[in-house]
Amino acid sequence: MSMLIKFLVAAVGAGTPLLFGTVGEILTEKTGHLNLGVEGMMSIGACIGFMAGYYTDNFFIAILAGAAAGALGALIYAVLTVTFMANQNVTGLTLTIFGIGFANFIGIFVLSKSPEGTLKLPEKITAAMRGGNIPALSKLPVVGELLFSYSPFVYIGIAIAVACAWYLNHTKAGLSLKAVGENPGAADAAGIKVTSVKYRNIIFGGAICGIGGVYCAMIINGGVWISNNVGGLGWIAVALVIFANWQPAYAIWGSFIFGALRVLKYYIPQSVLPFPIAFYDMLPFLITALVLVISSMRKSGRINLPAALGLNYFREER
Amino acid sequence: MSNGAGNRQNEPFARVVKRAELSTGKIVLLRLAAVALSLIAGGIFIACVGQNPFVIYGTIISGAVRSVMAFQGTVKVMIPLLVTSLGVTLAFKMKFWNIGGEGQIIFGATCATFFALFCSGMNHVLLIIVMFLAGFIGGGLWGLLPAIFKVKYNTNETLFTLMLNYIALHIVSYLRDGPWMDPGSQGFPKIARFDKNASLDKLFGIQFGWLIALLLVVIIFVYIKYTKQGYEISVVGESQDTARYAGMNVKKIVLRTMFLSGGICGMAGMLQATGSDITLTTSVAGGVGFTAIIIAWLAQLNPFSILLVSFLFSVLEKGSSVVQSNYGLSTDCADVLQGIILFFILGCEFFIRYRFLFRKKEGTK
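As you go down the protein sequences, you meet chains A and B in turn.
For the first sequence, the residue numbers in our numbering are 1 to 318.
For the second sequence, the residue numbers in our numbering are 319 to 683.
Worth flagging that the hints you see were computed from the coordinates, not collected in a lab.
Note that this is a predicted model, so its numbers are computed, not measured.
For each residue, glycine too, the CB sits at the ideal point set by N, CA and C.
Heads up, a few of these hints could be off.
[Claimed, not checked] Only part of the chain B face toward chain A is listed, based on derived beta-carbon distances under 8 Å:
no. : residue
1   : A365
2   : F478
3   : I611
4   : D653
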């Protein structure tokens, strides 16, 4: 029982960076732009957020810095694909290569200047990130551990996902966003400012991805900077968007399921299921591939894929 | 929308219109300007981390070509980049977003490694040929898989090929930790170094893969430009409906092209494993599959431009390793510069096809 609780808690932790990446990418894709730069935006966010935390020792400044950095990465993407109508796939990939390179470069650069030879977050911010410090609630048996023991990131992530679900489904701005993603020409004719809707949501999505990056840099390695700390999670997030059927609310449980897959190897003893470790590492990617195939086979049913995804909008050609 | 003078204020400040075709000279000039701007932006970045950009750029170039050995090193970096770029070009020409070059490299290398490890007693020439075919077929199958689902269920190939990259990667780490672990490494997980018989020969001090890569440039150029199959690829890329209307078997073309595309990437993996690494590691692809996409795009899918661009990228990568040892900037610098250059080129493509029209002042028309 306590093993199961530990497993679930670990799954939520491992799923949280995916949640940020997925929700950010859902907002982006709803504009009709497939941004393959999630990994890059998360890396930039990771780097800037971590450095801000390292120097200021303030948790909120770190998160804001990470979000701003992710938004800046998304801004590059938005300028190139929305205004300059560049190929979305190539732009996104470039953003990923640039972002990872930038993060690693800055990381190693700061590392080479640090006297200790490692970059470890200071005490105060580490304490702020650590979970289980909600008065009274965290001390409850079982429920306390399952619901109230997490790092603030988890609650921020869920709050953002819920807010985005509400934004998409219950606000006028969300409706405009969906209209732009389905048919920008019609949205334009209806008086929606297509370019501004695209910019706003792509940048906002990038900011959310950036916070996910901060999680990767601060939590996964116990507050010590290492290169490549996002490590492919951004790519899983891109795939999770499909798994979540472009619904931020589904992204919550989707990312926790994938989080569970990522930590499974630590909780299933070799004596029970003698799978090699590499198999568990492969599992999230394997299942994503299966989900892709199955969701494309399932012709019927409601698939929320934005109709104009991947197509740039040129006003004079509508 | 009315064009009446009274609505002038409602007109956007700037709008975008298509422009008439630019002359080739102007296009080249625009691209060169973009590269120059990107080098300036990169220079500002270098200056921000406290180095002299001119010195760093100089070191990158001289570090890559200053001696015969440095040049050989640069070519060694170039071989997988060039071959993989040519491979993904075939798929891109068809507008099939094969971003699985990475996985195809890994799987091709894995198939070739099987023969290197377990059939190393074979006649040398025969063994190399067998490994070559194994790499090609392995990579080809890894590319064929997403193509099958694409033509059958219209499964998104971008995401599927991407997932296959990681699946291939973990197959190698499984083999490394288990069945193929070097018995002589005392439990350290690595695959044994290949027998001398199973490693590629050298030509002018570099593995002879460079010759294959150069031949491939010509072969792909001819294939795209002068063969029926190459023509079919372009038509499918332009419009699947047109292809179907012209009586082409689109499914067959997609499957065949993806097999070739993946196969060529697999070949790059085989060359890297048997010619440069002389073993199989999880970093056999090491990002080449992604960089190749950028190279192919920058070169506008023209094989000879790909040769040039991949050489320049190899100079950047090899040179930045010299920068690392001389100035302590990490080799990730190369990725940052690549990213900046491509951002500018992507932006510049816009000005080749479109131009901004600004709102005219009241009463000027």
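Do the hints match the structure? See the list:
| no. | hint | result |
| --- | --- | --- |
| 1 | A365 | violated (13 Å) |
| 2 | F478 | holds (5 Å) |
| 3 | I611 | holds (6 Å) |
| 4 | D653 | holds (3 Å) |
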